[in-house]
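Work the whole structure out from these sequences, hints included.
Just so we're aligned, residue 1 is where the sequence shown starts under the UniProt record's numbering, counting upward by one.
Don't take every hint at face value.
[What the hints assert, rightly or not] Restraint-style ranges between C-beta atoms, simulated for each label pair: (1) E278 - L314: 48 to 58 angstroms; (2) M213 - G302: 47 to 57 angstroms; (3) R139 - A162: 27 to 37 angstroms; (4) M213 - F107: 26 to 36 angstroms.
[As the list claims (entries may be wrong)] Using 27 angstroms as the maximum straight-line C-alpha spacing, the simulated DSS-like pairs for lysine-lysine come out as follows: (5) K135 - K75; (6) K352 - K320; (7) K271 - K196; (8) K370 - K385; (9) K81 - K135; (10) K288 - K299; (11) K370 - K352; (12) K196 - K161; (13) K154 - K137; (14) K75 - K196; (15) K204 - K81; (16) K204 - K161; (17) K154 - K81; (18) K288 - K271; (19) K203 - K263; (20) K320 - K372; (21) K203 - K274; (22) K112 - K97; (23) K372 - K362; (24) K288 - K274; (25) K81 - K137; (26) K385 - K305; (27) K126 - K81; (28) K81 - K142; (29) K161 - K81; (30) K161 - K75; (31) K75 - K204; (32) K81 - K196; (33) K112 - K137; (34) K305 - K320; (35) K75 - K203; (36) K294 - K305.
Please keep in mind that the hints were generated in silico from the structure rather than gathered at the bench.
From the three backbone atoms N, C-alpha and C, an ideal C-beta is built for every residue, glycine too.
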Amino acid sequence: METADCSALSGEKQSEGRSSIQERSSAENSPSASPNKPEQRPEQRPEQRKHISDYLEFYFQDNFYKRKEKEKPDKDLNAPKAPLTGYVRFLNEHREKVRAENHDLPFHEVTKILGNMWSQLPSQQKQGYLEEAEKDKERYMKELEQYQQTDAYKNFVARQKAMKKGDREGINGTEGGNDELFCSACNLYFNSPHNKREHMSGKKHLAVISSQMDRLEKYGEKTNGKDVSDVKKVEEPSEPQSLQIPVDGDIPIFTEEFLNYNKARENELRKLRKVNTEFEEQNAILSKHIENMKKGIDKLEGERKDQQGEITALQRHLAKLRQVISRSFVDIQIPGEADLITFESVDAFVAKLQQYIQENSKENLELTSKIKDIIASLDYPNCLKEINS
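This is the structure:
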């Protein structure tokens, strides 16, 4: 009896489905149907809606996690630096200048202006950037070929293959799992402790740590000051999804590994604060040196101005003295020389006169006595004041 009812019910459902399909097809093919009127879909039953929503939720959730996995490619930090194209070189060279001239424009507008500048650039100037890019490309290919022969590249390829298989030992690079070269916060492996230390002091690593600390603080606010042990005891049996907040993707909170991780991060922050304090002290010393240098520059500048004033005064004094000599020696003529003394030729005339008197001192006693009388008659330095007036 029950089987008969079920078969009858299923038959009714199939007939209803076929009839609804026929009604929709006839409505679509009907000429009286208005093209602007939206299509009237048959109302779905609750069990159908539930099935479709579950299917869509599963589909989008599955694709979401696949997409997130694709967004995290493993980066080879030891590979040679990739070459830059000529266009990128042009952008890097002119971006700051264009940004300074158009400081109100957003980043994409500045890039658009640079793109127009590149398209309008003459071919000869473009050729320079393209040649540099070609040289950089040759350099990259040569370094890449050398790098592919090293053990670092082979380890990277091995880690890539192991990561696809999900082998954690392959991700760490060695069979023993060398955790000293692995940054669990950023999920990166390094070939030497030096590279890891450089990474630990970088901005990217600190940003990851700060974001993790923010999440922990937010979670601490949600617990409202409850005892950690109590929370662990109460919530451990059910293991709700809200409590399993990973710190770096695979470290659960309130475990020994989590506490060690926090301790290591605190040590890093302590070292960073110490380095920051040292840099601040160095900056203070350099600021003091700069201040002293500025004072020394100001002092030298004042001395330069004073000396420049003295030089100007001496030049004026010398010009007046030349003018007095040219007026007083206007009647003096050197034997064998046709030119008389002038203001422009005072220095040359006096030098020739001195040479002539030294060579013929006995024969030119009269000329010598005349010159002495002229010099004695000068009322120095009052004669200079008369010229000034």
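Going through the numbered hints above, which ones does this structure break? Give me the numbers in ascending order. Hints that this structure does not satisfy do not exist here, as all of them hold.
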